[in-house]
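Asks: Number 150 in this note's numbering belongs to position 150 of the sequence shown; there are no gaps in the numbering.
Think of the hints as simulated: they come from the structure by calculation, not from any bench. Being a predicted model, the structure only gives us computed values, none of them experimental. Keep in mind that a hint or two might mislead.
Claimed, not checked - In the EDC-like style, the derived pairs of lysine to aspartate or glutamate whose C-alpha atoms are separated by at most 16 Å in a straight line are:
hint	residue 1	residue 2
1	294	344
2	158	282
3	145	122
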Amino acid sequence: MLLNKNKRVGKVNRSFKIKRFTQLQKIFFISILLFSLQFESVLVKAKEQDDFQTIYHIYSNDEYIGLLSDKNKLEQLKENIIEERNLQFEDFTLMIGNNLSIIPERVFSANINDESILETLENTLTVETEAVGIQVDDQVAFYVKDEASYESVIRKLKLQTVNEQELDEYETSNESNSSLPPLKENETRIVDIILSSELQPVSETVAPDEVLTVKEALKLLNKGTLEEKKYTVQSGDVLGKIASKHDMSVQKLLEINEDLREDSVIRVGDELNVTYTEPYVEVEVHYEAKNKLKIPYDKVTKKDDSLYKGDNKVTQQGKDGEKVVTELIRKKNGQVIGKSVTEEEIISEPVEEVIVRGTKVIPSRGTGTFKWPAVGGYVSSKMGMRWGRMHNGIDIARPSNRSILAADNGVVVSTGFDGSYGNKVVIDHKNGYRTLYAHLASIDVKPGQTVTAGSKIGVMGTTGRSTGIHLHFEVTKNGTRIDPLTVLR
Numbered sequence: 001m002l003l004n005k006n007k008r009v010g011k012v013n014r015s016f017k018i019k020r021f022t023q024l025q026k027i028f029f030i031s032i033l034l035f036s037l038q039f040e041s042v043l044v045k046a047k048e049q050d051d052f053q054t055i056y057h058i059y060s061n062d063e064y065i066g067l068l069s070d071k072n073k074l075e076q077l078k079e080n081i082i083e084e085r086n087l088q089f090e091d092f093t094l095m096i097g098n099n100l101s102i103i104p105e106r107v108f109s110a111n112i113n114d115e116s117i118l119e120t121l122e123n124t125l126t127v128e129t130e131a132v133g134i135q136v137d138d139q140v141a142f143y144v145k146d147e148a149s150y151e152s153v154i155r156k157l158k159l160q161t162v163n164e165q166e167l168d169e170y171e172t173s174n175e176s177n178s179s180l181p182p183l184k185e186n187e188t189r190i191v192d193i194i195l196s197s198e199l200q201p202v203s204e205t206v207a208p209d210e211v212l213t214v215k216e217a218l219k220l221l222n223k224g225t226l227e228e229k230k231y232t233v234q235s236g237d238v239l240g241k242i243a244s245k246h247d248m249s250v251q252k253l254l255e256i257n258e259d260l261r262e263d264s265v266i267r268v269g270d271e272l273n274v275t276y277t278e279p280y281v282e283v284e285v286h287y288e289a290k291n292k293l294k295i296p297y298d299k300v301t302k303k304d305d306s307l308y309k310g311d312n313k314v315t316q317q318g319k320d321g322e323k324v325v326t327e328l329i330r331k332k333n334g335q336v337i338g339k340s341v342t343e344e345e346i347i348s349e350p351v352e353e354v355i356v357r358g359t360k361v362i363p364s365r366g367t368g369t370f371k372w373p374a375v376g377g378y379v380s381s382k383m384g385m386r387w388g389r390m391h392n393g394i395d396i397a398r399p400s401n402r403s404i405l406a407a408d409n410g411v412v413v414s415t416g417f418d419g420s421y422g423n424k425v426v427i428d429h430k431n432g433y434r435t436l437y438a439h440l441a442s443i444d445v446k447p448g449q450t451v452t453a454g455s456k457i458g459v460m461g462t463t464g465r466s467t468g469i470h471l472h473f474e475v476t477k478n479g480t481r482i483d484p485l486t487v488l489r
């Protein structure tokens with residue numbers, strides 16, 4: 001019974017093994033079939049891939065340029081353009097300025113002319129470089145190479161109004177943020193440098209030919225822009241005067257006023273165009289200066305009726321005072337535009353000068369009494385016959401000084417050279433008397449001048465017909481010569 005049972009179990013096991021083997025065969029054959037189908041599909045796709053081509057759509061700044069078969073050709077063109085422009089702008093790092101877009105596409109076939117597209121691109125592509133724009137207030141005026149060039153422009157702009165040492169000291173002081181020491185006497189220093197417009201560096205990419213040198217940028221900053229201005233003609237104006245007033249030539253004035261000619265008549269109230277250039281920026285420098293200055297003395301005039309009119313006498317000499325002044329001085333473009341005193345210390349007060357002026361009227365009529373017409377001396381020759389001819393007066397020689405004095409009050413009627421008399425003066429004493437003074441070295445009076453007795457009229461000399469330094473003195477009464485010794489006292 002047990003044996004029969006074992007036989008049945010063996011039968012079942014063989015049946016199960018056969019069935020399992022059959023299932024594995026099915027799976028294997030199905031796998032082979034699927035793999036074959038998949039491999040065939042890959043082969044088909046690979047064949048299809050061989051029939052496709054990649055092309056490239058080229059856009060420049062969002063503008064469609066055309067098709068290229070090889071994007072590397074575009075890269076080579078860019079390199080060639082940059083290399084060529086580097087010969088002209090060797091100091092710059094150049095890049096292609098256009099915003100290029102490359103969009104690939106897979107197609108079965110395409111008719112592409114690379115040479116034509118590359119030629120178009122060569123004419124379209126531009127180069128740019130990184131630069132620093134000089135922004136004046138809110139607008140970029142022009143460009144320089146880099147930040148160092150910008151700083152150089154600003155420094156040179158300031159150096160147009162201050163020297164290197166002043167600028168270095170000012171910048172060092174600013175960087176230290178320490179308070180300035182007290183000024184010494186006769187010392188000047190910069191306390192502020194102000195630019196009339198706000199300047200800022202702005203980094204941008206621009207065409208290399210837009211980039212200026214430091215010298216060019218400085219020149220443009222100074223030149224500035226045109227500003228329109230009208231001028232109303234005033235009384236006394238002429239074209240030359242108006243042109244000069246606005247720092248231009250007459251020709252330039254005529255050019256900007258087309259209806260004017262050089263011979264045009266301008267009238268008061270007419271309006272003329274005087275358009276001028278306004279610098280982009282002006283430099284204002286504030287200086288602090290401490291100096292010892294003079295305080296000028298005043299002159300005080302007092303009247304004195306004991307002195308003749310025209311006679312002046314200084315009774316007190318004037319003397320300047322001294323003060324130490326600290327000033328704030330403002331200069332724009334090198335010209336002083338303002339000063340203000342911040343501190344002042346008086347060292348010494350000035351002493352006024354007192355001048356006494358005579359008010360006494362000078363009498364033009366003589367007294368009839370004649371004073372000695374020299375300062376000392378003696379009569380070296382009297383009136384009378386001498387050397388066979390008449391000597392019409394007296395000679396006075398060897399005075400203590402050579403001043404010649406009026407013998408009496410009177411009016412000078414003539415002065416100048418007169419033959420043998422040499423330099424002579426004639427005074428009319430308005431009482432019938434006249435006196436004559438000859439051989440003078442110099443004359444101190446002029447015709448019409450009123451003189452007083454004893455006032456200086458000249459200097460003794462030896463002009464004319466003379467044998468030595470002396471005064472020849474004559475007196476006439478009612479037109480007749482008389483001996484001077486009869487009236488001299």
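Asks: When the hints from earlier in the document are held up against this structure, which numbers fail?
Replies: 3
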